[in-house]
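J.: Note that the protein sequences, when read in sequence, are chains A and B.
The numbering of the first sequence is my numbering, which starts it at 5 and goes up by one.
The numbering of the second sequence is my numbering, which starts it at 898 and goes up by one.
Source of the hints: derived by calculation from the structure; they are not laboratory data.
Among the hints, erroneous ones may be present.
[Claimed, not checked] Result set (DSS-like, lysine-lysine): computed pairs, CA atoms no more than 27 Å apart in a straight line: (1) B:K919 to B:K939; (2) A:K26 to B:K954; (3) B:K934 to A:K44; (4) A:K45 to B:K934; (5) A:K45 to B:K968; (6) B:K968 to A:K23; (7) A:K44 to B:K939.
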Amino acid sequence: ETGVTQTPRHLVMGMTNKKSLKCEQHLGHNAMYWYKQSAKKPLELMFVYNFKEQTENNSVPSRFSPECPNSSHLFLHLHTLQPEDSALYLCASSQAGYNSPLHFGNGTRLTVT
Amino acid sequence: GENVEQHPSTLSVQEGDSAVIKCTYSDSASNYFPWYKQELGKRPQLIIDIRSNVGEKKDQRIAVTLNKTAKHFSLHITETQPEDSAVYFCAASTGRRALTFGSGTRLQVQP
């Protein structure tokens, strides 16, 4: 049990599909993050939520849509993705404030065909 | 924004030797510097962190040093073991934005 759980672990989707990634943290943290990990950019920040409010969007294309209904849950909704979006998507959580350690989930390995 | 550069990209050492990974950062206001270890197929995990009010921190075989004047910090692993083989990431934050990560160093410890 990592404290941060991501589902599914693997996902294969076509470019016209719509799918969602889910993240849940059991650590009592108030900040949640989405990172993209690929060979080109090993740990690329996508979105940050603090107390359910989005505080950072790192110029992510609109085909990625995050949702944070509460401090424990984070979703990443995917639609009309491109093959270059294939990557490992990591969720993380931390205490409120940016100078706190990140706790990562095991990630979702996404393949876009 | 913050920019973090990490070197080397790959590092191979013999078991028992020391390994050093170096990072530089651009924003002089950065005050938090963690290091993460990611084993193959696993999630990144924090191994040590340092804040700008100290120059060095040790935890058993791992140490991190910080030079604020030169804006660089380093990870030192002594008496390396095969289980130290992994990708190591440095990161920096000013506290106003999320961590910016370096590009990673793949460490291979040869038995």
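J.: Name the hints, by number, that the structure is in violation of.
T.: 2 and 6
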